[in-house]
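Peer 1: Please work from the sequences and hints to get the whole structure.
Sequential numbering from 294 applies to the sequence shown in this note's numbering.
Hints should not be assumed to be uniformly reliable.
Using C-beta positions, here's what the derived DEER-type ranges look like [what the hints assert, rightly or not]: (1) E542 / S574: 49 to 55 Å; (2) V430 / E308: 48 to 54 Å; (3) G499 / Q452: 17 to 23 Å; (4) L315 / A455: 53 to 59 Å; (5) I324 / A383: 15 to 21 Å.
Simulated from the structure, these hints should not be mistaken for lab results.
No residue lacks a Cβ here, since even glycine has one placed at the ideal position from N, Cα and C.
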Amino acid sequence: MSSKDITSYFRFEPEAKRIEDLETPVPVIDIGVVERNLKRWQERCDKLRLGNRPHIKTHKLVALAKYQMALGAKGLTVQKLGEAEVMADAGIRDMLLTFNVVGDRKLGRLADLAKRTDISVVADNEVVVEGLGRAGVAAGRDLSVLVECDTGSKRNRVQSPAAAARLAKVIDQTRGVTYGGLMTYPAAGTRKEAEAFLAEARELAGKSGLASQTISTGGSPDMWSDEGLAIASEYRAGTYVYFDRSFAERGICSYDDCALSVLATVVSRPTNERALIDAGSKALTTDLRSLKGYGVVWSKNKGGIYNV
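Peer 2: Structure (structure tokens):
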């Protein structure tokens with residue numbers, strides 16, 4: 294598929310506004326930087342022969358999802374049914390939903406999606422598997438299910454390779470689903486440990502005659518590291534589309550790779566050292582990740598945002 298120019302995936306107003314005419318606060322995306330970020334990551338995946346399955350929860354834009362697919366992504370990662378439905382309406386078929394689907398209404402929506410897409414799902418317990426089986430039966434096709442593994446991030450997911458293999462067997466024996474492989478989201482800096490977990494789980498599942506066709510890992514913080522990638526068949530990264538200040542401060546990207554900023558207006562300057570802008574906690578963030586201040590003022594005289 295030809296990727297064309299990234300701007301061809303967007304619809305622009307006949308009379309584009311000048312940046313000076315935008316009402317603030319407003320997010321501003323440098324589409325040229327986005328294009329560079331997406332191309333660079335796809336080129337890395339191609340070089341490693343690693344399937345690229347980008348997570349769209351960062352941008353949630355059909356235009357960017359289609360551009361990622363055109364560059365060579367094997368499919369998309371979605372976090373919610375609503376995201377999957379929007380992408381399906383846009384004609385995208387190959388998606389992985391990386392959150393347990395529970396409840397009859399949601400399972401009904403999943404069944405409807407499965408009738409018109411090649412969506413696959415994850416599970417970390419037998420209750421979820423049973424529901425997914427019912428959705429697969431309702432859809433008239435088996436849903437591919439990856440076992441979600443906790444390889445160190447201490448969230449949900451199965452807690453040991455043996456537990457992963459046991460759940461794989463449950464999936465194999467459940468009508469309406471088929472065992473597709475293993476999936477993890479490792480904590481930053483722990484991909485080597487994750488690889489050992491996944492290798493053992495794959496071996497144990499194999500002893501039951503179950504092939505782990507997909508080994509899915511991910512995370513933008515470790516995307517440039519080769520450690521722990523030998524076992525993976527696909528990689529899920531999301532933040533890399535825009536990057537952000539936390540990535541720049543950790544050396545994962547440069548500030549020139551940060552594609553999204555917030556345009557704000559100075560509405561008061563009570564002292565020479567302090568100014569008040571019209572962007573607060575809703576336009577910026579309170580998730581500081583140990584960083585000082587709430588943002589970087591991007592101008593010839595760099596400053597910081599120290600209170601919201």
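Peer 1: So, for every hint listed, does it hold in this structure?
Peer 2: So, going through the hints one by one against the coordinates:
1. Between E542 and S574 the beta carbons are some 20 Å apart, a value that contradicts the proposed interval 49 to 55 Å.
2. The hinted range of 48 to 54 Å is satisfied by V430 and E308, whose Cβ atoms lie roughly 53 Å apart.
3. Against the hinted window of 17 to 23 Å, the Cβ-Cβ separation of G499 and Q452 comes to about 20 Å, which satisfies the hint.
4. Range check, L315 to A455: Cβ separation about 56 Å, and the 53 to 59 Å hint holds.
5. Between I324 and A383 the C-beta distance comes to about 19 Å, which sits within the given range of 15 to 21 Å.
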